[in-house]
Amino acid sequence: MATQKLLLLPGDGIGPEVMAEVKRLIGWLNAQGIASFETEEGLVGGAAYDAHKVSISEGDMAKAKAADAVIFGAVGGPKWDSVSYEVRPEAGLLRLRKDLGLFANLRPAVCYPALADASSLKREAVEGLDIMIVRELTGGVYFGEPKTITDLGNGQKRAIDTQVYDTYEIERIARVAFDLARKRRNKVTSMEKRNVMKSGVLWNEVVTQVHKREYPDVTLEHQLADAGGMMLVKWPKQFDVIVTDNLFGDMLSDIAAMLTGSLGMLPSASLGEIDAKTRKRKALYEPVHGSAPDLAGQGLANPIAMIASFGMALRYSFDMGALADKLDAAIAVVLASGLRTADIKSEGTTSASTTQMGEAIQKELQKLHA
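Per numbering that gives the first Met the number 0, residue 0 is the first one in the sequence shown, and the count goes up by one each step.
Honestly, the hints are just simulated from the structure, not real lab data.
It is possible that some hints are incorrect.
DSSO-like mimics (lysine-lysine), calculated; alpha carbons at most 27 Å apart, straight line [unchecked claim]:
1. K62 / K4
2. K78 / K4
3. K344 / K22
4. K22 / K186
5. K279 / K182
6. K186 / K121
7. K156 / K121
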């Protein structure tokens with residue numbers, strides 16, 4: 000059995016608490032001989048700033064590049080609001096994405112039956128929801144240059160952010176979306192703003208060309224991103240795979256997150272190119288929920304998104320899809336039993352701490368794997 004190298008970056012806020020549940024799971028998998036994971040830990044975000052005055056050290060970046068996958072917790076919090084822009088906690092995550100070439104962000108939005116009533120939408124709108132948002136992650140307005148704030152004098156300033164996309168960037172993210180759709184329900188919806196943005200015109204054109212040339216068997220639809228946001232809260236089950244740019248993907252995936260009842264439920268994967276020789280790819284897996292500093296240290300955090308992010312690592316980095324399916328099933332069983340962390344608690348359910356939820360999921364996985 001090949002040993003896989005993992006770099007664990009717990010980060011800030013609730014990051015270390017939810018990461019602890021993944022570490023417990025990794026320990027069990029190793030002890031049972033189900034997998035062989037070698038783990039290292041590093042600092043990122045505010046924790047790295049406190050130790051090194053940077054958002055991630057060169058040493059930990061080297062570990063990330065050497066790892067088979069990075070498991071990432073969360074970064075940020077009010078403690079670091081006043082640090083300079085270049086070393087803010089979030090800069091560590093952006094550097095990881097850029098330096099590892101993690102251009103494809105996969106954000107599933109799945110509504111477990113037991114949580115359909117926790118959504119802000121009616122049960123019939125979200126029950127059975129299973130969509131995948133594919134967000135381009137290393138281009139667009141977050142990375143485009145120039146990116147400046149200029150003092151114009153007389154109390155006036157001008158801020159500039161630049162939205163930039165090249166053909167190859169759109170082609171490769173489109174291929175990720177189409178390949179995923181072929182393994183799901185065979186439908187892709189591409190979202191942009193071609194009515195007001197030149198980058199949207201190119202996006203639409205390139206996605207259409209890739210579809211016609213390489214994926215004619217997949218159904219392709221185009222929507223303006225604002226209309227797509229509206230449809231996500233009106234009729235979300237019409238979607239299978241949504242592919243979109245960095246900015247719109249950031250916003251649309253958070254909308255999709257709340258359809259499932261809580262940000263604490265949603266995992267994500269950020270993937271790089273597949274190496275032609277090794278057939279491996281750089282990858283980072285993280286929960287969508289952020290650092291939630293107001294919950295830190297209280298045992299209130301929901302570890303499901305973190306555990307499910309590790310499940311995505313099993314699926315996309317280590318070819319352990321059957322085990323990932325069992326982990327997803329274990330989460331569903333625990334939720335069906337009525338166990339709830341604070342963010343998804345409702346009348347008639349049983350309160351659980353972060354650790355209790357993690358232990359319950361591991362116990363169910365043990366049963367399913369017996």
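Hint by hint, here is what the structure shows:
1. K62 / K4: holds, 10 Å
2. K78 / K4: violated, 32 Å
3. K344 / K22: holds, 25 Å
4. K22 / K186: violated, 36 Å
5. K279 / K182: holds, 19 Å
6. K186 / K121: holds, 24 Å
7. K156 / K121: At roughly 45 Å apart (the allowed maximum being 27 Å), K121 and K156 break the hint.
Consistency with the previously given hints fails for numbers 2, 4 and 7, ordered from lowest to highest.
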